[in-house]
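J.: Each chain, letter by letter, is given below.
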Amino acid sequence: MDYKYIEQLLERYWNAETTLEEEHILRTFFRQSDVPAHLNRYAALFAQLDAEAAHELDSRFDERVLRRIADDERTVVRAERPTLLNVIRPLMQAAAAVVVVVLTAYGAQRAFERADRGVWDYNPASFENSYDNPQQAYKVLQEGLDIFSRTAQADTARAAVNPETEP
Amino acid sequence: MMKKALLLLLVALTGTLTLSAQKETDFTSRFLEQDHVEEAVFCQTVGPAMIAQLVTAYSGSLSPEVAAQLKNIKSMRVVTAKGTLAPDELLRIALNLLQQDKGRYTELAEKSHYQLYARKKKDTIVELILIDTQHAQFNMVNVTGTLDADALQQLISKTQ
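Chains as they are written, first to last, in my numbering: chain A, 1 to 167; chain B, 1 to 160.
Think of the hints as simulated: they come from the structure by calculation, not from any bench.
Every residue, glycine too, gets a C-beta built ideally from N, C-alpha and C.
A portion of the hints provided could be inaccurate.
[What the hints assert, rightly or not] Over 12 Å on every C-beta distance to chain A, these chain B residues come out as not near it, computed from the model:
{"no.": "1", "residue": "GLU24"}
{"no.": "2", "residue": "VAL78"}
{"no.": "3", "residue": "ALA86"}
{"no.": "4", "residue": "ILE93"}
{"no.": "5", "residue": "ASP101"}
{"no.": "6", "residue": "GLY103"}
{"no.": "7", "residue": "THR106"}
{"no.": "8", "residue": "ALA149"}
[Said to hold, decoys possible] With beta-carbon atoms standing in for the labels, derived distance ranges:
{"no.": "9", "chain 1": "B", "residue 1": "LYS122", "chain 2": "A", "residue 2": "LEU103", "range": "18 to 28 Å"}
{"no.": "10", "chain 1": "A", "residue 1": "ASP121", "chain 2": "B", "residue 2": "GLN100", "range": "11 to 21 Å"}
{"no.": "11", "chain 1": "B", "residue 1": "GLN99", "chain 2": "A", "residue 2": "GLY118", "range": "22 to 32 Å"}
{"no.": "12", "chain 1": "B", "residue 1": "ASP150", "chain 2": "A", "residue 2": "GLU143", "range": "48 to 58 Å"}
Here chain A stands alone, though its shape is the one from the complex:
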């Protein structure tokens, strides 16, 4: 008997080129009892394919699946209750950040203060000079010192004239 057609179908089957009809022919061929010896080694494969195709879902399969779906839908999803630690964690992080900022600022401020030359704590930029000319500025200084001097002299004179009322 010539099995060339079967061998060609097998070749196409291995190359995944067969149609459903051709695969049916192959399964029918290997189902018979007198498969030639050189093709017998493939008989087990097609027998296995036949066996798998014979598997069927039992009559209660649909019922079981539908019941499981219904059970899942009935399942109550409960919100996870946060613990106290979880609630205050952001607050603690914010507080820690504030502490870091305050301590850094305080430390830097103290460092600036130590670096300051003395107790004079005025902002130099708040004293805008009235004159750019040093000679005019010097006249202002003289005028200011004169007022101190005049006041002191007047004080001394008044004390000399009336020591009781001007101590």
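Got chain A sorted already, so can you dock chain B onto it with the hints?
T.: Then chain B, alone, in the frame of chain A:
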């Protein structure tokens, strides 16, 4: 995490710079902020930079007394009345302001013709305010610096 740390550091540095920029202002600055005062007085200011320049560049030509005073002085403002507000009114405003800042300024002397107030830090006078009301006038000298007792004595005694 690194970004957060850098952000925190930036905030801290900004805060520090802001704090360090908030320094004291002298009495005259506040006095001039009072109603109608700025228009009623003539204020002449010699700031720290100008005084430093005078001390270094003109040290040879300054009188020894003035040179000695300038060592302790950082700024001086001389305020004189223009005449639009009565001297008594200006004096009242100034004294009122000094009373409001009682914790800040200490009265050193109060006489019929002048008032002397100081702001102290520990034993050092950092600001001195002399209000001269002689001859029905209003003259105010506001000095800042670091004045100890000797420097104050020199300042209020005869300087020329």
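J.: Hey, is VAL78/B genuinely clear of chain A, shortest beta carbon separation above 12 Å?
T.: Per Cβ check, VAL78/B is inside 12 Å of chain A; nearest 5 Å; violated.
J.: If we take the beta carbon of THR106/B, is the closest beta carbon in chain A still more than 12 Å away?
T.: Holds, since 15 Å exceeds 12 Å.
J.: A range of 18 to 28 Å was offered for this pair. Does it hold for the Cβ distance of LYS122/B and LEU103/A?
T.: Since LYS122/B and LEU103/A have Cβ atoms about 27 Å apart, the given range 18 to 28 Å holds.
J.: Holds or violated: is the Cβ of GLY103/B farther than 12 Å from all Cβ atoms of chain A?
T.: Non-interface label on GLY103/B holds, nearest chain A Cβ at 15 Å vs cutoff 12 Å.
J.: When you look at the beta carbon of ASP101/B, is every beta carbon of chain A farther off than 12 Å?
T.: 15 Å, holds
J.: Lying within 11 to 21 Å: is that true of the beta-carbon distance ASP121/A to GLN100/B?
T.: 20 Å, holds
J.: Is the Cβ of GLU24/B farther than 12 Å from every Cβ of chain A?
T.: 5 Å, violated
J.: Cβ-Cβ distance between GLN99/B and GLY118/A: within 22 to 32 Å?
T.: This hint holds: roughly 28 Å between Cβ atoms.
J.: Taking the closest pair, is the beta carbon of ALA149/B still more than 12 Å from chain A?
T.: About 15 Å separates ALA149/B from the closest Cβ of chain A, which puts it past 12 Å; holds.
J.: Beyond 12 Å from every Cβ of chain A: is that where the Cβ of ALA86/B lies?
T.: Check passes; 19 Å lies beyond 12 Å.
J.: Looking only at beta-carbon atoms, does the pair ASP150/B, GLU143/A fall within the given range of 48 to 58 Å?
T.: With a Cβ separation near 23 Å, ASP150/B and GLU143/A fall outside 48 to 58 Å, so the hint is violated.
J.: Should the label of ILE93/B as a non-interface residue stand, given a Cβ cut-off of 12 Å to chain A?
T.: At roughly 19 Å from the nearest Cβ of chain A, ILE93/B sits farther out than 12 Å, so the non-interface label holds.
Comparing the model with each numbered hint stated earlier shows that hints 1, 2 and 12 do not hold.
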